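Trainee: Listed here are the chains, written in short residue letters.
Number of protein chains: 2
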Amino acid sequence: MYELNFGVPMAGAVICTLNAHHDAAMVSVLLKHSEAKLIFVDHQFLTIAEDAINLLSQSNSKSPLLIPIPEPSEDSSHSPGLNYESLIKTGDPCFDIKWPIDECDPIALNYTSGTTSRPKGVVYTHRGAYLNCISSILFSEIRTLPVYLWTVPIFHSNGWCLTWGIAAQGGLNVCLRDFTAKTIFEKITRYGVTHMTGAPTVLNMMANCPLADRQPLAAGQMVCVMTGGATPQPPVLEKMEEMGFKVVHVYGLTETYGPATVCEWKPEWDELSVDQQAKMMGRQGIRHIGTEAVDVKDPETMKSVPADGKTMGEVMFRGNTVMNGYFKDLKATEEVFAGGWMRTGDLGVRHADGYIQVKDRLKDIIISGLENISTIEVESVVYRHPAVLEAAVVGRPDEYWGETPCAFVQLKDGASADAEEIIGFCRARLPDFMVPKSVVFGELPKTSTGKMQKFVLRERAKAMGSLFMNGGGKMLEI
Amino acid sequence: MYELNFGVPMAGAVICTLNAHHDAAMVSVLLKHSEAKLIFVDHQFLTIAEDAINLLSQSNSKSPLLIPIPEPSEDSSHSPGLNYESLIKTGDPCFDIKWPIDECDPIALNYTSGTTSRPKGVVYTHRGAYLNCISSILFSEIRTLPVYLWTVPIFHSNGWCLTWGIAAQGGLNVCLRDFTAKTIFEKITRYGVTHMTGAPTVLNMMANCPLADRQPLAAGQMVCVMTGGATPQPPVLEKMEEMGFKVVHVYGLTETYGPATVCEWKPEWDELSVDQQAKMMGRQGIRHIGTEAVDVKDPETMKSVPADGKTMGEVMFRGNTVMNGYFKDLKATEEVFAGGWMRTGDLGVRHADGYIQVKDRLKDIIISGLENISTIEVESVVYRHPAVLEAAVVGRPDEYWGETPCAFVQLKDGASADAEEIIGFCRARLPDFMVPKSVVFGELPKTSTGKMQKFVLRERAKAMGSLFMNGGGKMLEI
Numbered sequence: 001m002y003e004l005n006f007g008v009p010m011a012g013a014v015i016c017t018l019n020a021h022h023d024a025a026m027v028s029v030l031l032k033h034s035e036a037k038l039i040f041v042d043h044q045f046l047t048i049a050e051d052a053i054n055l056l057s058q059s060n061s062k063s064p065l066l067i068p069i070p071e072p073s074e075d076s077s078h079s080p081g082l083n084y085e086s087l088i089k090t091g092d093p094c095f096d097i098k099w100p101i102d103e104c105d106p107i108a109l110n111y112t113s114g115t116t117s118r119p120k121g122v123v124y125t126h127r128g129a130y131l132n133c134i135s136s137i138l139f140s141e142i143r144t145l146p147v148y149l150w151t152v153p154i155f156h157s158n159g160w161c162l163t164w165g166i167a168a169q170g171g172l173n174v175c176l177r178d179f180t181a182k183t184i185f186e187k188i189t190r191y192g193v194t195h196m197t198g199a200p201t202v203l204n205m206m207a208n209c210p211l212a213d214r215q216p217l218a219a220g221q222m223v224c225v226m227t228g229g230a231t232p233q234p235p236v237l238e239k240m241e242e243m244g245f246k247v248v249h250v251y252g253l254t255e256t257y258g259p260a261t262v263c264e265w266k267p268e269w270d271e272l273s274v275d276q277q278a279k280m281m282g283r284q285g286i287r288h289i290g291t292e293a294v295d296v297k298d299p300e301t302m303k304s305v306p307a308d309g310k311t312m313g314e315v316m317f318r319g320n321t322v323m324n325g326y327f328k329d330l331k332a333t334e335e336v337f338a339g340g341w342m343r344t345g346d347l348g349v350r351h352a353d354g355y356i357q358v359k360d361r362l363k364d365i366i367i368s369g370l371e372n373i374s375t376i377e378v379e380s381v382v383y384r385h386p387a388v389l390e391a392a393v394v395g396r397p398d399e400y401w402g403e404t405p406c407a408f409v410q411l412k413d414g415a416s417a418d419a420e421e422i423i424g425f426c427r428a429r430l431p432d433f434m435v436p437k438s439v440v441f442g443e444l445p446k447t448s449t450g451k452m453q454k455f456v457l458r459e460r461a462k463a464m465g466s467l468f469m470n471g472g473g474k475m476l477e478i
Numbered sequence: 001m002y003e004l005n006f007g008v009p010m011a012g013a014v015i016c017t018l019n020a021h022h023d024a025a026m027v028s029v030l031l032k033h034s035e036a037k038l039i040f041v042d043h044q045f046l047t048i049a050e051d052a053i054n055l056l057s058q059s060n061s062k063s064p065l066l067i068p069i070p071e072p073s074e075d076s077s078h079s080p081g082l083n084y085e086s087l088i089k090t091g092d093p094c095f096d097i098k099w100p101i102d103e104c105d106p107i108a109l110n111y112t113s114g115t116t117s118r119p120k121g122v123v124y125t126h127r128g129a130y131l132n133c134i135s136s137i138l139f140s141e142i143r144t145l146p147v148y149l150w151t152v153p154i155f156h157s158n159g160w161c162l163t164w165g166i167a168a169q170g171g172l173n174v175c176l177r178d179f180t181a182k183t184i185f186e187k188i189t190r191y192g193v194t195h196m197t198g199a200p201t202v203l204n205m206m207a208n209c210p211l212a213d214r215q216p217l218a219a220g221q222m223v224c225v226m227t228g229g230a231t232p233q234p235p236v237l238e239k240m241e242e243m244g245f246k247v248v249h250v251y252g253l254t255e256t257y258g259p260a261t262v263c264e265w266k267p268e269w270d271e272l273s274v275d276q277q278a279k280m281m282g283r284q285g286i287r288h289i290g291t292e293a294v295d296v297k298d299p300e301t302m303k304s305v306p307a308d309g310k311t312m313g314e315v316m317f318r319g320n321t322v323m324n325g326y327f328k329d330l331k332a333t334e335e336v337f338a339g340g341w342m343r344t345g346d347l348g349v350r351h352a353d354g355y356i357q358v359k360d361r362l363k364d365i366i367i368s369g370l371e372n373i374s375t376i377e378v379e380s381v382v383y384r385h386p387a388v389l390e391a392a393v394v395g396r397p398d399e400y401w402g403e404t405p406c407a408f409v410q411l412k413d414g415a416s417a418d419a420e421e422i423i424g425f426c427r428a429r430l431p432d433f434m435v436p437k438s439v440v441f442g443e444l445p446k447t448s449t450g451k452m453q454k455f456v457l458r459e460r461a462k463a464m465g466s467l468f469m470n471g472g473g474k475m476l477e478i
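Residue numbers (the UniProt record's numbering), protein chains in the order written: chain A, 1 to 478; chain B, 1 to 478.
If you are wondering where the hints come from, they were derived from the structure by calculation, not from laboratory data.
This one's a predicted model, so the numbers in the text were calculated from it and none came from an experiment.
Hints may contain errors.
Simulated crosslink set (DSSO-like; lysine-lysine; CA at most 27 Å straight-line) [stated by the list, open to error]: (1) B/LYS303 with A/LYS98; (2) B/LYS98 with A/LYS297; (3) A/LYS331 with A/LYS37; (4) B/LYS363 with B/LYS310; (5) B/LYS246 with A/LYS98; (6) B/LYS98 with A/LYS303; (7) B/LYS303 with A/LYS246; (8) B/LYS310 with B/LYS328; (9) A/LYS279 with A/LYS331.
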């Protein structure tokens with residue numbers, strides 16, 4: 001997949017990397033929507049691809065040519081038929097690169113991970129990819145000859161544009177098939193990894209893995225971890241820094257080529273308590289050098305909210321590193337660009353120093369009585385409970401309040417806590433109206449890129465019914 | 001001058017910084033040619049500017065408005081009339097930045113330092129400046145919050161585009177009025193300088209300054225020095241590395257926004273001898289990420305020379321970080337772009353690994369008999385003589401050979417050597433035809449940006465007459 005991020009555009013084509021967790025039905029939908037002509041498939045996903053192509057042919061759609069990628073150990077020269085390695089061998093080393101005619105021509109098509117709706121095809125241009133790639137290596141301080149560990153999927157915004165960025169700096173790419181904390185620590189030590197990237201869940205996995213699976217960094221080894229995709233929780237940040245990692249918190253969407261803002265560390269934060277530092281680091285920060293503008297605006301009036309750290313608005317972007325639009329979906333494109341800015345669907349605030357902070361997804365925020373409750377803020381408190389591995393808070397329907405916060409919690413292995421304890425812990429740290437009224441324990445549903453699937457949890461909370469018992473608003477805890 | 005690199009373009013105007021060493025006559029020529037509307041003048045150059053404006057008005061040309069920049073210590077609020085500080089005070093803090101309408105609109109006009117002919121006005125675009133600025137901070141590894149010492153003049157290619165680059169990374173600018181090795185070392189220690197830039201003559205000054213004027217770097221302090229403008233000599237590179245500086249050798253011209261190639265260090269060079277390493281570092285290297293293409297071509301046929309490290313051709317550039325053209329000089333623009341590439345006037349070779357190396361200026365190379373002699377190669381040997389501070393080699397007319405190498409040498413303070421010794425030193429290290437046949441001692445003439453004024457030396461060599469005495473080609477050494 002890494003090689004194809006170069007070979008496909010250099011052949012004048014557009015690369016569309018598919019999520020490795022899709023099933024055949026989804027793959028067939030995306031093959032059809034993307035009008036793919038060739039599909040390169042790693043040997044472990046061959047059945048899914050073949051099933052997808054069968055589905056396509058049943059619907060009378062033109063099927064792409066399937067090119068299997070054999071196992072690296074296989075001697076592919078003896079395999080029958082066309083495969084990736086045999087195809088490469090037929091190549092002309094003097095092939096003239098097909099440069100784009102216009103730098104705004106597409107280089108990639110990325111389907112969004114679809115936490116809510118059907119995936120949308122985000123169109124990247126050569127210009128945008130170049131600028132975001134350069135910006136990402138700059139703010140994450142990826143210097144010459146980095147050693148990069150791929151803990152973010154390359155099918156996710158072309159690896160946050162770092163597929164190209166690592167090559168630009170002459171880096172070594174360390175890839176993973178076995179995605180466990182143990183393997184991650186092993187690779188970091190073995191290859192002298194300097195940079196990696198991952199959703200907060202990856203950091204969480206590393207911070208909470210058994211001691212036996214951990215390996216300390218080598219003397220003088222500094223690993224910079226870019227994290228984003230969800231707001232990292234302060235306890236996880238603290239733990240990572242403790243283990244010697246330098247965490248850089250970035251924020252962006254598939255629509256912004258991956259990272260668009262960075263929580264640039266300020267020297268004056270050195271004086272803060274560890275706790276305060278982690279809070280500061282949880283901010284989404286300021287635009288990076290390739291982002292023309294980020295703002296927090298009232299989505300109705302399009303006016304910027306005051307920089308008071310309190311007034312919420314929608315986070316919006318503008319510039320070269322914002323997608324061209326959604327492929328074959330003019331309606332969705334017009335909606336997301338309504339008012340001349342790209343609307344993220346994230347609710348946030350602007351602090352006095354210009355740093356932005358995301359408080360919630362527009363559709364996740366809980367409206368309880370007259371109050372807006374940021375589920376991210378409630379989660380950050382639940383996370384601080386020592387028994388909690390991961391937590392997600394959603395609104396639970398309530399006949400009196402409209403909605404009340406409901407916490408879904410996954411405990412650490414061997415740890416124990418009951419609902420009462422979690423609620424008490426929150427009550428000591430949050431205003432009453434923000435305290436979860438119910439707590440549910442169990443494993444949390446996530447997308448393949450590590451994003452919490454809150455719509456699944458909202459369904460569960462809905463199925464639980466209203467907590468409201470009588471007119472006095474008395475609450476029962478489960 | 002640093003502030004004006006931002007304020008002028010943000011006001012929608014074009015900045016043209018003039019060389020601080022020009023006299024009133026040259027300044028008046030450039031004010032007229034550039035059609036300047038305002039001239040900001042540091043207090044120490046007021047007389048020159050006033051004289052230049054007088055000259056302008058005598059020639060019936062429209063004079064720009066002169067705005068003096070008072071001494072920082074002066075309380076300018078009491079000074080009569082308009083000055084820089086009082087002008088700034090009238091500014092509107094809510095002024096809307098005047099963005100360029102097109103990114104290819106000009107941002108700066110830079111007059112070349114003019115080693116040979118009348119200065120030419122090189123036009124920079126916003127697009128090119130952005131790309132070269134980003135590239136420069138990347139390859140010189142200028143990370144977040146650098147401390148930058150201005151040892152390269154800001155009037156030289158807008159400080160190699162680092163005026164903007166240092167701001168992009170949130171850096172601290174340390175400026176110098178007193179340009180001595182002693183002050184340079186003092187500022188490095190005092191401000192914890194992380195990066196600086198300078199012509200090889202600056203490095204030479206630092207490497208050869210009295211021990212009493214030197215200050216060792218602080219423990220853990222790493223200073224990265226970008227050097228370019230002339231080929232740095234191996235002994236100087238060795239000495240700088242010895243003192244703990246990391247030297248990055250870059251190559252470019254005013255026409256390429258400053259640096260266009262960089263001699264990127266290769267890990268396998270770590271195994272070479274110090275001497276060999278310095279030789280490798282003397283190469284001009286490979287294009288940086290903002291340069292579309294660099295090539296070494298036969299200037300007649302426009303064919304690339306073979307990558308054999310021997311065949312010479314003219315170094316040529318193409319891409320976004322090449323100037324728009326010379327202001328109001330279509331003829332010179334057409335000449336320099338003849339064949340679709342920007343011709344540098346530098347002769348070089350391509351090595352097998354793709355690194356280029358400049359051997360000489362097209363006009364400096366010595367043609368002796370049937371041989372082309374690279375004056376840079378001869379100089380690099382002369383430089384290795386322990387008594388030599390600086391050296392420049394030019395062709396001296398010769399009735400038999402056409403030209404023979406003549407070395408102009410400036411000795412280190414207190415050191416001594418005669419012509420015979422220098423010639424003998426070279427004979428032991430160079431093929432006979434490259435050995436200087438004459439040596440002249442004394443101070444060497446340089447431009448304000450530290451470039452050797454070889455045309456002055458060629459005049460001197462010419463005035464010395466031919467060495468040829470009789471038909472046998474017997475040489476006399478002076």
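Trainee: Does each hint hold? Answer for all of them.
Mentor: Each hint tested on the structure:
1. B/LYS303 with A/LYS98: Between B/LYS303 and A/LYS98 the Cα gap is close to 21 Å, so the pair holds against 27 Å.
2. B/LYS98 with A/LYS297: 23 Å, holds
3. A/LYS331 with A/LYS37: The given pair, whose Cα atoms are some 26 Å apart, holds under the 27 Å limit.
4. B/LYS363 with B/LYS310: 19 Å, holds
5. B/LYS246 with A/LYS98: 38 Å, violated
6. B/LYS98 with A/LYS303: 21 Å, holds
7. B/LYS303 with A/LYS246: The given pair, whose Cα atoms are some 49 Å apart, is violated under the 27 Å limit.
8. B/LYS310 with B/LYS328: 38 Å, violated
9. A/LYS279 with A/LYS331: 38 Å, violated
Violated hints, in rising order: 5, 7, 8 and 9; the structure is consistent with all others.
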